[in-house]
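Visitor: Chains as they are written, first to last, in numbering that gives the first Met the number 0: chain A, 0 to 749; chain B, 0 to 190; chain C, 0 to 272.
It should be emphasised that the hints constitute simulated quantities derived from the structure, not laboratory data.
Keep in mind it's a predicted model, so treat the numbers as computed, not measured.
Among the hints, a few may not be true.
Covered stretches of chain B, as calculated for chain C (at least 3 residues, CB under 8 Å) [unchecked claim]:
no. : segment
1   : 16 to 30
2   : 56 to 68
3   : 110 to 123
Derived Cβ-Cβ restraints for the label pairs, each shown as a range [stated by the list, open to error]:
no. : chain 1 : residue 1 : chain 2 : residue 2 : range
4   : C       : Ala87     : A       : Val620    : 25 to 33 Å
5   : A       : Leu58     : C       : Arg63     : 54 to 62 Å
6   : B       : Glu130    : A       : Pro76     : 50 to 58 Å
7   : A       : Ala32     : B       : Asp89     : 31 to 39 Å
Built from N, CA and C at the ideal position, the CB exists for glycine as well.
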Amino acid sequence: MSILGTRVVRTEDPRLLTAGGTYTDDLRLPELAGALRVTFVRSPVAHAEITGIDAKVALDSPGVVAVLTAADADDLPPAGDRPTTEPLLAADRVRYVGEPVAIVLTEDSYQGEDAAELVSVDYQPLEPVVGMDTALAGTSLLFPGAGSNVVGSGGQPAPDDAFAGCDVVVQRTFPNQRVAPVPLEVRAAAAHWAGGRLTLWASTQNAQQARDQVAGALGLEAPAVRVITPDVGGGFGAKIATDRDTLAVAWAARRLGRPVRWVETRNENLLSMVHGRAQQHTIRIGGSRDGRILAYHLDIVQDCGAYPRFGLFLPTLTQLMASGVYDLPYCGASYQVVVTNTMPISAYRGAGRPEATAAIERAVDLFAAEIGLDPVEVRRRNLVPPELFPYTTPGGAVYDTGEYAAALDKVLTAAGYPELRAEQARRRERGDVVQLGIGVSCYVEITAGDYSGGETSRLVVDGTGAATVYTGSSPHGQGHQTAFAMLVTSELGIPMDRITVRHGDTDEVPRGVGTYGSRSLQLGGSAVHQAAVEVREQARGLAAGLLEASEADLELDVSRGTWQVRGDPDTALSWAAVAGQAGPDGLVADVDFKPASPTFPFGAHVAVAEVDTETGKATLVRHVTVDDAGRVLNPVLAEGQRHGGIAQGVAQALLEEVRYDTDGNPLTGTLADYAAITATELPSFELVEMETPTTVNPLGVKGIGEAGTIGATPAALSAVVDAVTHLGVRHIDMPATPLRVWTAIREARS
Amino acid sequence: MDRDQRGSLVKVMMRVNGAEVSADVEDRMLLVHFLREVTGLTATNVGCDTTSCGACTVLLDGESVKSCTVLAAQADGHDLVTAEGLAGPDGELHPVQRAFRSEHGLQCGFCTPGMVLASVSLLRENPQPTEEQVRMGLEGNLCRCTGYHNIVRAVLAAAEDLAAESGELAPGELASGELASGELAAGEVAR
Amino acid sequence: MIPAPFRYQRASSVDEALALVAEYGDDAKFLAGGHSLLPLMKLRLAQPEVLIDLAPLRELSYIRDAAGHIAIGALTRHHDLEQSTLLAQAVPLLAHAAGQVGDPQIRHRGTLGGSLAHGDPASDLPAVILALDATLVARGPSGQREIAAAGFFQGLFETALEPDELLVEIRVPKPAAVGWSFQKFTKRAIDWAIVGVAVQGSSVALVNMASIPVRAGAVERALASGVGPRDAAAHAAEGTSPVEDINATPEYREHLARILTGRALEEAAGRAG
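Taking the hints into account, I'd like the entire structure generated from these sequences.
Guide: The structure is reproduced here in structure tokens:
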């Protein structure tokens with residue numbers, strides 16, 4: 000029986016539990032002995048000209064070795080000449096609170112914090128641009144050379160007759176608010192320049208992309224840069240490749256000719272690590288009174304922050320997935336991207352797809368409320384039916400496989416939906432202070448969206464019979480060491496404890512893409528699987544030679560990890576014996592796995608919330624999910640990903656929001672103010688199993704990492720709204736904080 | 000006061016994972032940095048600057064504290080246990096560590112040392128907690144990866160384990176699988 | 000993330016603590032559990048030049064039955080208040096509220112005296128002490144004096160303590176009226192109270208409704224005149240000046256004060272039997 004599909008506890012854990020992981024700030028390497036500590040001087044104002052930087056007093060501070068500014072960057076290739084190009088260190092203008100202006104290098108980190116306070120920067124304030132309306136109005140421009148704060152746009156407005164045949168049309172504008180990724184490990188890096196080569200240790204999700212970015216920024220050829228990824232304490236998309244702060248650390252090492260290291264504070268992390276989401280949605284949905292949706296249009300304004308990073312592209316993913324699980328005669332999307340004097344936006348768990356799902360699920364609920372039908376029934380009447388797969392959406396996505404109605408049925412059954420509605424009715428009848436709300440969401444999402452980049456795997460089985468996997472994937476909690484070893488052991492029978500998985504060092508794995516977009520199992524895992532198959536076939540030939548038998552008469556006994564003539568166990572050969580025949584390198588397979596398309600996991604969530612109608616406080620009491628990501632190779636890992644995703648999705652619906660005041664000053668710069676979700680705000684989750692394999696890769700797997708987040712946000716929000724619809728509330732903006740819920744109830748009553 | 004007198008040093012002596020450690024450190028040195036930099040035990044992590052996240056949790060005289068909000072000088076003369084000191088002398092996992100593994104209560108591992116020690120302290124004070132009490136007991140420990148679901152299961156499983164090993168426990172009493180702080184063998188030890 | 004440099008001093012007796020603070024004057028702050036002061040220092044919002052660690056003063060950690068009142072040493076930790084069987088029986092409001100402060104790790108370090116001397120109106124225990132009509136005992140160069148809770152909190156982070164005084168004891172009268180309730184309203188359990196209400200009998204004190212903890216005088220007068228709990232609670236916001244912040248508007252805080260006071264009074268009445 001194959002190990003695949005069974006519950007296997009992680010091989011990573013003994014080390015993590017006893018010695019603790021070795022994260023970037025934990026490194027105690029000879030190359031970093033005597034490393035200088037980097038402390039950033041960051042802008043305290045959102046929008047200003049820099050008219051002077053005086054480091055004289057700082058340079059006299061104990062332990063200070065150097066203070067570097069943009070003026071010292073004469074050893075870097077010129078940055079791009081687009082007006083919106085983001086520099087390493089701000090030169091003449093700052094555009095967000097937290098933007099790096101200088102770096103202080105000290106012998107120890109305490110000295111760095113002292114000295115950074117002493118760097119004097121003169122700022123001439125400019126009119127801040129905060130909020131999408133202000134950005135669109137354009138009276139103050141972040142980039143005068145660009146002529147506008149609109150840096151991107153796409154899609155088409157709805158045709159005039161798109162909604163013509165609708166009995167009912169609902170329109171609404173609401174936020175998909177800015178959130179902070181909050182990995183528990185903040186950003187950290189260390190760098191060492193020697194012999195014309197830069198070594199960078201960084202908390203990253205993509206060592207190879209980081210290497211290329213460092214090389215580009217420093218004007219080096221890629222082989223002159225080595226990136227090594229220590230243990231990474233969470234990424235969630237916010238640690239993709241590198242960013243300007245990390246590049247500045249690499250630059251400082253070369254500039255000073257001494258090793259340097261850096262770890263930010265949490266305050267810096269909340270201010271100057273990329274934020275997520277920050278879209279404004281205007282939905283228009285129309286249909287007939289029997290519940291059939293005829294037209295849906297989503298207009299998006301994306302706040303991409305002060306500089307266009309990946310935020311520029313997020314709306315294209317939202318646009319792609321705008322129609323969700325529904326078969327709609329008309330579905331369109333249009334978007335504009337604006338810059339504001341806030342932290343740049345990039346990918347955060349779901350990256351563009353949670354936004355699409357939150358928008359259409361809210362729209363469907365609003366439509367259902369308008370026509371007075373159960374929102375579950377409205378969904379049923381519009382789901383893409385199984386016979387239409389593979390299904391091409393109006394946005395141009397081709398969904399591989401899906402059973403949307405089945406997923407909805409399963410989750411409703413598991414949740415006990417009719418009983419929940421009955422309980423809700425009883426509480427409404429009694430006029431209880433604490434009311435019950437049920438939120439249902441149906442979702443589909445795109446994983447391995449960058450499938451054409453593929454993923455690499457090299458597999459080596461050496462003369463001792465041990466196996467080493469070199470993967471381009473880059474885990475930061477996902478358990479690839481366990482999962483990829485399972486793939487090898489399943490194919491070859493080499494025991495798990497003789498399989499090592501290496502990743503994240505560009506000298507060991509020079510080519511690879513890394514981990515994001517829920518791509519690693521379907522791309523990285525498929526590459527590992529394929530490499531194992533190739534190794535197996537190489538071995539078959541060698542074993543045939545050793546046993547003087549024909550390949551057709553040989554079998555690999557996976558349960559024992561031995562090659563033998565079929566039916567004759569006395570001829571058994573170990574992997575060591577066979578690999579020893581292969582030459583000094585052993586058996587080697589190199590695979591670059593590139594599928595023909597992405598995959599589309601899907602599911603349905605039911606959230607149950609209690610709302611105290613006197614205080615407005617909402618409590619999530621149950622969260623039931625179906626998250627179908629195709630075949631499940633290790634249920635332990637898949638469940639963990641679903642749990643984590645659900646928590647972050649619920650957090651956006653109920654609690655978390657990055658806020659700036661109208662001057663661009665951050666209001667949520669600490670974990671006391673930014674309401675990162677804790678164990679007390681969540682129940683235990685109820686996960687229902689469902690596997691609809693994909694045909695896109697040999698493993699039949701889709702990506703699970705972001706699905707939980709995508710399904711959870713709309714379900715949790717909907718549950719809170721649903722708890723008070725009988726009081727006249729139709730909508731509450733996210734996050735549905737007690738203040739917002741109370742305000743909505745009050746306004747509905749008046 | 001004369002500014003030149005800043006940066007004075009204080010001598011601290013404490014027992015960390017059963018071994019004596021002493022050093023002269025800046026008065027303002029935080030205990031978490033003392034553990035990480037002076038004692039060389041890097042399992043304890045820094046995750047925030049507002050005493051919010053709990054990644055720095057260690058046991059001080061057997062009770063959970065956030066070592067980022069304790070001065071090294073305040074720990075002088077006390078007993079500290081970090082994650083490195085929790086396993087038995089032959090590397091045998093503590094029941095809480097065992098449960099975190101079997102229940103998949105960790106993913107990236109960054110919050111884990113603090114989460115485990117907070118759980119150890121929780122179970123010492125309340126050996127048979129309800130799920131709600133576990134969640135309330137871990138309110139000071141953030142995790143971003145697991146959604147807390149399996150962490151809660153791990154703590155409840157460890158509670159059963161500890162109770163089974165030694166029968167009924169009175170609050171504060173230690174199970175046989177548990178050793179009092181100071182009796183644990185040193186993990187990676189001080190200079 | 001780390002405090003500005005300071006000099007660390009350790010007091011081995013109350014007299015030595017007083018001598019040290021006399022020597023360093025305004026440059027010095029007492030350090031008890033450190034969980035009000037050190038967080039401010041780490042953000043460099045407070046930068047005392049000298050910290051006087053009171054930890055060796057074990058003699059200031061106690062909870063004693065002193066006939067008419069419970070005497071609590073200023074260095075008694077929140078955890079010890081929460082776990083005290085004497086307190087649970089004699090002043091359950093304080094035992095319960097202490098168990099709501101922060102999280103378990105914070106409660107293992109933070110002290111009653113430290114929290115009160117810090118004078119943050121958003122903290123839980125100042126309002127509780129106010130509702131209990133406690134007396135705070137301070138010792139200074141000219142000897143010991145008693146300060147009624149009603150006059151102790153004077154402004155945001157300002158108390159009646161002189162810079163050269165040390166809070167040594169809190170005397171909590173054993174309540175005549177047994178009904179009590181503590182309502183702490185937060186977004187997350189770990190958060191500071193958006194609004195809180197402490198009730199002991201018909202004494203009502205509010206958390207985070209002004210720059211100091213305040214008694215809801217209008218509520219108390221209404222109760223005294225025979226008005227029922229919910230109607231009395233309608234007066235909860237009178238005489239308060241709640242702030243606007245990311246969690247609440249003043250209007251919302253006033254509303255919460257009324258709702259939570261009503262619930263607290265009902266719960267207290269239920270406990271009174």
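Visitor: Could you run down the list of hints and mark each one as holding or not?
Guide: Cross-check of the supplied hints:
1. 16 to 30: holds (count 4)
2. 56 to 68: Held - the segment 56 to 68 of chain B has 8 residues with a Cβ nearer than 8 Å to chain C, which meets the minimum of three.
3. 110 to 123: Holds, because 3 residues of the segment 110 to 123 of chain B bring their Cβ atoms closer than 8 Å to Cβ atoms of chain C.
4. C/Ala87 to A/Val620: 25 to 33 Å: 30 Å, holds
5. A/Leu58 to C/Arg63: 54 to 62 Å: 57 Å, holds
6. B/Glu130 to A/Pro76: 50 to 58 Å: 57 Å, holds
7. A/Ala32 to B/Asp89: 31 to 39 Å: Because 33 Å falls inside the window, the suggested range holds.
Of the hints listed earlier, there is not a single one the structure fails to meet.
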